[in-house]
Every structure is written in structure tokens, then in C-alpha cells.
Amino acid sequence: GLAEAISASEMMSTVSARPNARVPIVAMVDEATGLKTDVCMCNRLALLNSRMLKAYIALDERVKPLAMAVKYWAKQRQINDPYRGSPSSYAWVLLVINHLQTTSPPVLPSLQQLRGGEWGSSPEEMSARTPDGRAFDCSFCADVPAVKE
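At position 67 of the sequence shown the residue is numbered 67 (full-length UniProt numbering), and the sequence of numbers has no breaks.
In short, the hints are calculated from the structure, not lab data.
None of these values were measured; they are calculated from a predicted model.
All residues carry an ideal CB built from backbone N, CA and C; glycine is no exception.
Be aware that a few hints might be false.
[To be verified] Cut-off 30 Å, straight-line C-alpha distance, at most; resulting in silico cross-link-like pairs (DSSO-like, lysine-lysine): (1) 71 / 148; (2) 71 / 36; (3) 54 / 75.
[What the hints assert, rightly or not] Label pairs and their computed distance ranges (CB to CB): (4) 81 / 102: 23 to 29 Å; (5) 99 / 16: 30 to 36 Å; (6) 64 / 5: 28 to 34 Å; (7) 112 / 24: 24 to 30 Å; (8) 101 / 20: 31 to 37 Å.
Turn these sequences into a full structure, and let the hints steer you where they fit.
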């Protein structure tokens with residue numbers, strides 16, 4: 001499978017398949033940089049969530065450095081591994097975004113609340129199903145320039 005192909009290419013030092021994870025993944029580590037990476041296939045929910053994070057990061061130049069600092073903080077304390085019972089890096093970034101939305105005054109708007117109308121995508125384009133069949137509405141306003149105005 002994919003894990004064997006990546007291992008054979010010798011591009012990554014540690015490669016392991018996690019076929020029994022909620023979403024099956026191949027986890028790997030780049031020996032030169034120590035960068036950990038997970039690869040999953042056919043995960044529309046992850047793709048849409050990544051697009052949403054990209055939109056939030058584009059709204060304010062402070063979002064990415066703060067999110068990276070919190071992810072680094074969590075990694076140093078070994079509290080960023082959902083396989084060991086702690087929040088994922090993605091969850092930590094969502095907590096940063098939520099904080100920036102709920103602080104006074106808010107730094108970020110809720111892109112999910114701004115969805116629809118001329119900014120929205122069709123529900124079919126912004127919905128996803130998990131491997132176990134659960135459906136999610138992932139719609140958000142992706143028109144960053146319009147939100148910034």
C-alpha cells in the first residue's frame with residue numbers, strides 16, 4: 001500500500017500505517033527536519049476544514065504566528081496527540097480561532113455565520129461525509145477580501 005511505497009522511496013525515515021484509525025492514515029517523519037506528517041486519502045472533511053483554516057489565516061496576519069506558537073507549546077508538553085488522548089494540532093488551532101472570535105473586541109469574525117448569500121457555496125460543494133457515513137455541513141464564507149472590508 002501507500003506506507004510501503006513511501007518507505008521504499010526512502011523519502012521519510014519513519015513510516016507507519018494506521019488502518020484502524022477513525023480515518024485511516026499513513027504517519028511519517030522526515031528524518032532531516034523531524035517534521036511529522038499524516039497522509040489520508042479520500043477525506044473531503046479534512047480538505048474542507050483545511051480550506052477554512054486557510055481563510056481564517058488570510059484574514060489577519062496575527063493568526064498564523066499565534067496558532068504556530070500554541071501548536072509548538074502543545075508539542076513541547078506532549079499534549080497534541082489524539083492517539084494518546086490529547087487534542088490534535090488541528091483542535092489547538094480551532095481553540096486559537098475561537099479565542100480570537102470571542103475576545104473583546106473580536107479579532108476574527110465567524111466565517112460560518114457569514115456563509116450563504118452571494119458569498120456562499122452550494123451545500124453540495126461544502127458538505128462532507130465521514131468514513132462511517134456521518135454528514136457535516138462545512139460551509140463558510142471563503143471570500144476573504146469581502147470579509148476584510
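Status of each hint after checking the structure:
For the hint linking residue 71 to residue 148, the alpha-carbon distance of about 26 Å falls within 30 Å, and the restraint holds. The suggested pairing of residue 71 with residue 36 holds, with an alpha-carbon distance near 13 Å, which does not exceed 30 Å. Proposed proximity of residue 54 and residue 75 is supported: the alpha carbons are some 21 Å apart, at most 30 Å. At about 26 Å, the CB distance of residue 81 to residue 102 agrees with the hint of 23 to 29 Å.
Taken as a hint, the range 30 to 36 Å holds for the pair residue 99 and residue 16, whose Cβ atoms sit roughly 33 Å apart. In this structure, residue 64 and residue 5 meet the distance hint of 28 to 34 Å, their C-beta atoms being roughly 32 Å apart. The beta-carbon spacing between residue 112 and residue 24, approximately 28 Å, falls within the hinted interval of 24 to 30 Å. The hint said 31 to 37 Å for the Cβ distance between residue 101 and residue 20, and at roughly 35 Å that hint holds.
Of the numbered hints given earlier, the model fails none.
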